[in-house]
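Asks: Sequence:
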Amino acid sequence: MAENTEKKQNGKKDRRVGIHYINNNDSRSTTFSKRKRGLFKKANEIETLTGCEVIVIIASPKGHVFTYASQTLAPVLSNPAFTELVTANLTKGSVQMQAGNINTGDNKEENKT
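Heads up, the sequence shown is in our numbering, so the first residue is 20 and it goes up one at a time.
Don't read these hints as lab results, they were simulated from the structure. Cβ atoms here follow ideal geometry from the backbone N, Cα and C, with glycine treated the same way. Any given hint could be a false lead.
[Claimed, not checked] Quick list of the computed label-pair ranges, beta carbon to beta carbon: (1) Arg35 <-> Lys61: 27 to 35 Å; (2) Ile38 <-> His83: 17 to 25 Å; (3) Lys61 <-> Val36: 32 to 40 Å; (4) Gly82 <-> Lys60: 19 to 27 Å; (5) Gly82 <-> Thr49: 16 to 24 Å; (6) His39 <-> Gly70: 31 to 39 Å; (7) Asp33 <-> Gly57: 15 to 23 Å; (8) Gly37 <-> Gly57: 12 to 20 Å; (9) Pro94 <-> Lys32: 45 to 53 Å; (10) Pro94 <-> Arg34: 39 to 47 Å; (11) Asn44 <-> Thr69: 35 to 43 Å; (12) Asn42 <-> Pro99: 35 to 43 Å; (13) Lys32 <-> Pro99: 49 to 57 Å.
[To be verified] Derived pair list, reagent style SDA-like, types lysine to any residue, alpha-carbon separation capped at 25 Å: (14) Lys81 <-> Asn43; (15) Lys60 <-> Gly70; (16) Lys61 <-> Ser79; (17) Lys81 <-> Arg34; (18) Lys81 <-> Thr49; (19) Lys61 <-> Thr91; (20) Lys81 <-> Ile65; (21) Lys55 <-> Ala78; (22) Lys55 <-> Gly82; (23) Lys55 <-> Gly70.
Given only the sequences and the hints, what does the whole structure look like? Please build it.
Replies: Next up, the structure:
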């Protein structure tokens, strides 16, 4: 388990939280939601700033799959072969994906599939 570290920034101490598993279910769920949202935001930013193509797949511990894709990669997520591959490889088939439930660069909200 990582320890807290202190970092000086403009004369003030900034505490950084160590990265470790969160045992409290409510805290873990909140952290998952916030970090997922942040990751999708970063994916959109790198796509916008550099013009690259981006695809992000996150599988929650509860078996939900969340996706983000730039517009040109969005069809990959709705491909039945992709859905089968993800379903077969994540949590032994307990992950449920539905084709068409994707998040593209045009739609900024996350979609649960």
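Asks: Let me make sure I understand: some of the numbered hints might not hold for this structure. Which ones are they, in numerical order?
Replies: 1, 3, 17 and 20
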